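Chains as they are written, first to last, in my numbering: chain Y, 1 to 108; chain V, 1 to 114.
Careful: at least some of the hints might be erroneous.
Claimed, not checked - Quick list of in silico lysine to aspartate or glutamate cross-link-like pairs, EDC-like style, CA-CA up to 16 angstroms:
1) Lys70(V) / Asp53(V)
2) Lys65(Y) / Glu32(Y)
3) Lys22(Y) / Glu67(Y)
4) Lys73(Y) / Glu20(Y)
5) Lys57(Y) / Glu20(Y)
6) Lys102(V) / Glu54(Y)
7) Lys9(Y) / Asp38(V)
8) Lys73(Y) / Glu54(Y)
9) Lys102(V) / Glu32(Y)
If you're looking for bench data, these hints aren't it; they were derived computationally from the structure. This one's a predicted model, so the numbers in the text were calculated from it and none came from an experiment.
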Amino acid sequence: AQRVTQPEKLLSVFKGAPVELKCNYSYSGSPELFWYVQYSRQRLQLLLRHISRESIKGFTADLNKGETSFHLKKPFAQEEDSAMYYCALSGTGNQFYFGTGTSLTVIP
Amino acid sequence: DAGITQSPRYKITETGRQVTLMCHQTWSHSYMFWYRQDLGHGLRLIYYSAAADITDKGEVPDGYVVSRSKTENFPLTLESATRSQTSVYFCASRRGTGANEKLFFGSGTQLSVL
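Bound-form chain Y, shown alone (with noise of 0.2 angstroms):
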């Protein structure tokens, strides 16, 4: 079964502009929900989680339980912010599930 759906697999957005990635779960308990980056050449690395309410490289995710959403969000979007971002679910089982990925493109 799908947990963690992210629709987009591609997205591109202009140097400044607003961008979100979507990323939709299916859990029947109570899911810590992560985002993930890979950067062109580097390693898999955690960019933050829902527990953390935190803000990191001015993104942000809110997890929305009724809609089961964890859309990761930024207002103005920068040429380094091009990478692949995943969405993941860590589920009581202690597994580890990810989404399909969203590959993000800034353009200058």
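Let chain Y serve as the given structure and place chain V on it in line with the hints.
The following block gives chain V in isolation, referenced to the frame of chain Y:
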């Protein structure tokens, strides 16, 4: 993070051969994971391990075998490689739970099965 290393970085093999991908971490994290990364599928969990000698299947375990005799090592074996197993494989270890929960990834192994 240099604390988790994968080898080899690239591997080419033939259908039917056995291949082992290595993963080593220096933090003594209990949980370790193997994923494969494919276009259109993202990262899919193959196997994971909660501790030494404790392993469990993920989403796509068929054709793979894992072992964990020591906390720091988590090798992944393809018993009889098939072309559908051509992929990029990532190993990860997990630190903490809840607010401190974080996965650390290796640099990946790009496997081609001819």
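Consistency of the hints with the structure:
1. Lys70(V) / Asp53(V): holds (8 angstroms)
2. Lys65(Y) / Glu32(Y): Given pair Lys65(Y), Glu32(Y) holds - Cα atoms ~11 angstroms apart, limit 16 angstroms.
3. Lys22(Y) / Glu67(Y): Holds. Lys22(Y) to Glu67(Y) sits at ~12 angstroms (cutoff 16 angstroms).
4. Lys73(Y) / Glu20(Y): holds (4 angstroms)
5. Lys57(Y) / Glu20(Y): Roughly 14 angstroms between the alpha carbons, so the hint for Lys57(Y) and Glu20(Y) holds.
6. Lys102(V) / Glu54(Y): holds (14 angstroms)
7. Lys9(Y) / Asp38(V): Holds, at roughly 12 angstroms.
8. Lys73(Y) / Glu54(Y): Given that 16 angstroms is the threshold and the Cα spacing comes to 12 angstroms, the pair holds.
9. Lys102(V) / Glu32(Y): holds (11 angstroms)
Of the numbered hints stated above, none is contradicted by the structure.
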